[in-house]
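For the record, the sequence lines run as chains W and H.
Under the numbering used here, read the first sequence as residues 237 to 528, first letter to last.
Under the numbering used here, read the second sequence as residues 237 to 528, first letter to last.
Accuracy of the hints is not assured; some may be wrong.
Using 27 Å as the maximum straight-line C-alpha spacing, the simulated DSS-like pairs for lysine-lysine come out as follows [unchecked claim]:
(1) H:Lys343 / W:Lys526
(2) W:Lys343 / H:Lys417
(3) W:Lys351 / H:Lys343
(4) H:Lys417 / H:Lys390
(5) H:Lys526 / H:Lys343
(6) H:Lys526 / W:Lys343
(7) W:Lys417 / H:Lys343
Because the hints were derived from the structure by calculation, they are not lab data.
There are 2 protein chains.
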Amino acid sequence: MQLLDGKVTALEIRQELAAAVKQRKIEGKKIPHLAAILVGNDGGSVTYVNAKVKACEEIGFESTLIRYDDSVPEDILLAKVQALNEDKSIDGFIVQLPLPEHIDEQKVTLAIDPKKDVDGFHPMNLGNMLLDIPGFICATPAGIMELMERNNIKTEGKNCVIIGRSNIVGTPLSLLLGRNKSPGNCTVTLTHSRTQNLAEICRNADILIAAIGQPGFVTADMVKDGAVVIDVGTTRVDDSSKPKGWKLVGDVNFDEVAPKTSFISPVPGGVGPMTIASLMMNTLKAMELKGK
Amino acid sequence: MQLLDGKVTALEIRQELAAAVKQRKIEGKKIPHLAAILVGNDGGSVTYVNAKVKACEEIGFESTLIRYDDSVPEDILLAKVQALNEDKSIDGFIVQLPLPEHIDEQKVTLAIDPKKDVDGFHPMNLGNMLLDIPGFICATPAGIMELMERNNIKTEGKNCVIIGRSNIVGTPLSLLLGRNKSPGNCTVTLTHSRTQNLAEICRNADILIAAIGQPGFVTADMVKDGAVVIDVGTTRVDDSSKPKGWKLVGDVNFDEVAPKTSFISPVPGGVGPMTIASLMMNTLKAMELKGK
């Protein structure tokens, strides 16, 4: 068993991006600038956004954090999105999800200029991904592809089973892994809550990806010997032994599954750091797509 | 074995659309108007476009056919697309594919206003489909869903195997069949040229869909007893006994497969008529989406 260490791979990417920033400075080119809108004080969201801002600082990107109270009216948020769309100093931006209930997330997602949508959630970017037209690929699926590629995981002709069909992980990932590219060319089965005989289907997977947010859902009996297992779950579970009072737990029962695998990504330290690294790669790409 | 008779189901849809047109006339509302651009004289394309124009006439839609010679320059075609985007009398239009080699198909597809893109090929419409936002679903996948729904084929929890990952059939169909809707909620496996053990995978399918354009590719040994089989293939094969000198042949070896199935769609007369019916449904929808 080999660990798919997202921290190590993400560090490698951050170093490459830092080198690209240095080179841009030498050439007198614009430095990438990422903005993030954070609404409210949800613990997970604050942690994620802070990690994104920190990553920008480490790489040498410029960053702007815009915070609103939980009670911000939708029209104020939409006006800020419009302002960021028009602001030439900002190359890409994200609106951290989830948003409070009184705000229509879809309306906000659709308001973002696809050319600055570095999260890749806009339908135009999802459609471009499907058609293999240049654009932004959502950060988590892109990060998983990058993690596999940089760890020399072969995907062509492999049976891949994805558990969970969310719009931001499972479904786009199924398209990326199935398409006629490298990495890609997997035979993908996308499973979900209505799937029958899930364990049996999973046991046929050369590559098994769990993205449902149910701690320890994938057990050893669901995994083929020698499979590659990617754990996208990040559920906060109470743990009084930890300084913060909680720990992140993945969808895979790591202790019993790991010994059966050829490669496995841990939680934390697997897909999480790769998601942030992808967002940074997308921010640099935002400039390149504009020819800046 | 029951036949999934696309001619019968498409006729039912055309009658419903004709009734809707009549009702619109009574209410003094605009009559849907579909335009089609046809470049060159490819036999298949001419047949398809003529069938679309004929369907419009039968239903009572207005239609406009715009023909260009094979040698039409790309900029002339793009200017016509732009003119149709702006023409308020046209509710939806298609550019019949394939286009001659000197014309960039992707450029043409991207030039069509997504709100008039009744073929559903624009990335914005594919992304909307993925996110379940109202828009146009490509005609062939939409027609297959309609054919199954109107013939009471249960899809929830079924294993579905699709052979072929094209952007206009296999890939979008995998999204439609897998999503959390009815019809939908299948566990979908999308297979292709790099798939290993294809026959074995197909034998697990409750619903098997062939969309690769290889006559007779699916043989009886690939099909589970009682499966639903949908044949999307339409290859012209020489046949001197036919008045035109050719016949349409599907991807399924019908004679040997049919007896094993619960439902099977024939070629011709299965998916083909449904594709045209879907295009007509999309044209009416184009008006409804605009609130006309």
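Against the structure, the hints:
A C-alpha spacing of about 18 Å is found between H:Lys343 and W:Lys526, which places the hinted pair at or below 27 Å, so the restraint holds. A threshold of 27 Å between alpha carbons decides the hint, and for W:Lys343 with H:Lys417 the separation of about 21 Å falls inside it, so the pair holds. A threshold of 27 Å between alpha carbons decides the hint, and for W:Lys351 with H:Lys343 the separation of about 17 Å falls inside it, so the pair holds. Proximity of H:Lys417 to H:Lys390 is assessed by CA-CA distance (about 12 Å); at most 27 Å being required, the pair is judged to hold.
The straight-line distance between the Cα atoms of H:Lys526 and H:Lys343 is roughly 25 Å, inside the 27 Å bound, and the hint therefore holds. Of the supplied pair hints, the one linking H:Lys526 and W:Lys343 holds, its CA atoms being roughly 18 Å apart against a limit of 27 Å. For a cut-off of 27 Å, the pair hint linking W:Lys417 to H:Lys343 stands: about 21 Å separates their Cα positions.
Violated hints are absent here; each numbered hint is respected by the structure.
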